[in-house]
Amino acid sequence: MTASPSERAFERVALVSKPESEEAERTAREVAQWLERQGIESVGEDDLALPERAARCDLVVVLGGDGTLLSVARSLASPVPVLGVNLGHLGFLTEVGRQELYPTLVEVLAGRYKLETRALMDLVLERADGKRETFKLLNDAVIAKSALSRIIELTLSVDGQLVATYRSDGLIISTPTGSTAYNLSAGGPIVDPRLPVAVLTPICPHTFSLRPIVVPDSSTVEVTLDTQQEKVFLTLDGQEGTILAYRDTVRLKRSAHEVSLVKVSGKSFYDSLRHKLHWGE
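Going left to right, the sequence shown walks through residues 178 to 458 as our numbering numbers them.
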């Protein structure tokens with residue numbers, strides 16, 4: 178989807194910087210001053226909580242890295258466009274680097290950009306005692322044992338159909354966006370982010386024949402912990418999570434919410450793979 182100046186006029190921009198990063202905070206102040214010179218109001222992090230700020234703005238600019246963008250994506254309550262600025266090293270989600278920031282903003286404010294939608298997943302954690310917790314994720318949900326635990330058992334079903342009982346160090350349920358994160362390190366496939374799928378990748382399975390599988394993201398993926406007396410964690414996007422107990426069940430499905438990432442560089446997903454994974458170099 179391509180936007181033009183007549184389709185979207187930017188009047189207010191929310192700025193989000195990486196927590197406890199002096200560089201990100203300094204850059205946010207500079208961007209706020211630059212936007213003011215363009216006649217555009219900026220909304221900083223001291224004004225309102227992010228969901229409320231984003232709902233009042235036409236654009237969210239995230240200054241940090243992929244981790245900062247992931248936390249923003251999970252908390253947004255409105256489909257406002259998000260521009261990620263990478264102030265770190267390797268980033269698949271953040272669109273531009275620090276040196277490209279202002280030329281990119283010029284292009285975006287002129288309407289010369291595209292929006293690329295990325296799917297979120299809804300996760301419901303149903304405890305064995307019936308209590309429920311809900312989460313959102315953009316990259317992945319990881320169920321994994323602690324460093325000192327033995328192999329754990331997880332029962333996996335898709336749309337109510339039993340797939341297998343995994344004896345492994347854990348299981349990764351990844352979106353296409355997250356396929357280049359932990360999923361890739363665990364031997365899972367790289368997935369084009371436009372595909373409506375989820376990837377289920379076991380972590381160090383006891384049985385070699387248990388391989389990663391790809392399912393429609395419209396399916397309900399259900400994982401139940403069948404191991405007692407081992408410490409097992411559920412982690413969302415590598416940033417938030419909780420401890421699982423025996424017979425706790427995790428259910429995931431594509432969310433009705435999406436994230437709209439601003440794209441201006443002209444680089445494709447495959448260009449990013451070649452550059453960031455050093456293919457052919």
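Check before you lean on any hint, since a few could be wrong.
Below 25 Å or equal to it, Euclidean Cα-Cα: the simulated DSS-like pairs (lysine-lysine) are [as the list claims (entries may be wrong)]:
1. K308 x K322
2. K291 x K453
3. K440 x K291
4. K291 x K444
5. K408 x K313
6. K308 x K408
7. K453 x K322
Per label pair, the in silico range of CB-to-CB distance [to be verified]:
8. I328 x L225: 40 to 48 Å
9. H455 x R275: 19 to 27 Å
10. P366 x Q215: 51 to 59 Å
11. P393 x E218: 37 to 45 Å
12. R203 x H266: 13 to 21 Å
13. P256 x R289: 48 to 56 Å
The set of hints was computed from the structure by calculation and includes no laboratory data.
Cβ coordinates follow ideal geometry from the N, Cα and C atoms, glycine included.
Verification of the supplied hints:
Straight-line distance between C-alpha atoms of K308 and K322 comes to about 22 Å, which keeps the hinted pair within the 25 Å bound. A threshold of 25 Å between alpha carbons decides the hint, and for K291 with K453 the separation of about 22 Å falls inside it, so the pair holds. Among the hinted pairs, K440 with K291 is consistent with the structure: their alpha-carbon atoms are about 5 Å apart, no more than 25 Å. Taking the CA atoms of K291 and K444, the gap is near 11 Å; set against the 25 Å cutoff, the hint holds.
Among the hinted pairs, K408 with K313 is consistent with the structure: their alpha-carbon atoms are about 23 Å apart, no more than 25 Å. Annotation: proposed proximity of K308 to K408 holds, straight-line Cα distance about 19 Å (limit 25 Å). Annotation: proposed proximity of K453 to K322 is violated, straight-line Cα distance about 30 Å (limit 25 Å). Taking 40 to 48 Å as the suggested C-beta distance range, the pair I328 and L225 conforms, at roughly 46 Å.
Our hint of 19 to 27 Å for H455 and R275 holds, since their Cβ atoms are close to 21 Å apart. Checking the proposed 51 to 59 Å range against P366 and Q215 shows it is violated: the Cβ atoms sit about 43 Å from each other. Judged by the Cβ atoms, the range 37 to 45 Å given for P393 and E218 holds: they are separated by roughly 42 Å. Between R203 and H266 the beta carbon distance is about 19 Å. The supplied range of 13 to 21 Å therefore holds.
Between P256 and R289 the beta carbon distance is about 20 Å. The supplied range of 48 to 56 Å is therefore violated.
Comparing the model with each earlier hint shows violations of hints 7, 10 and 13; every other hint is respected.
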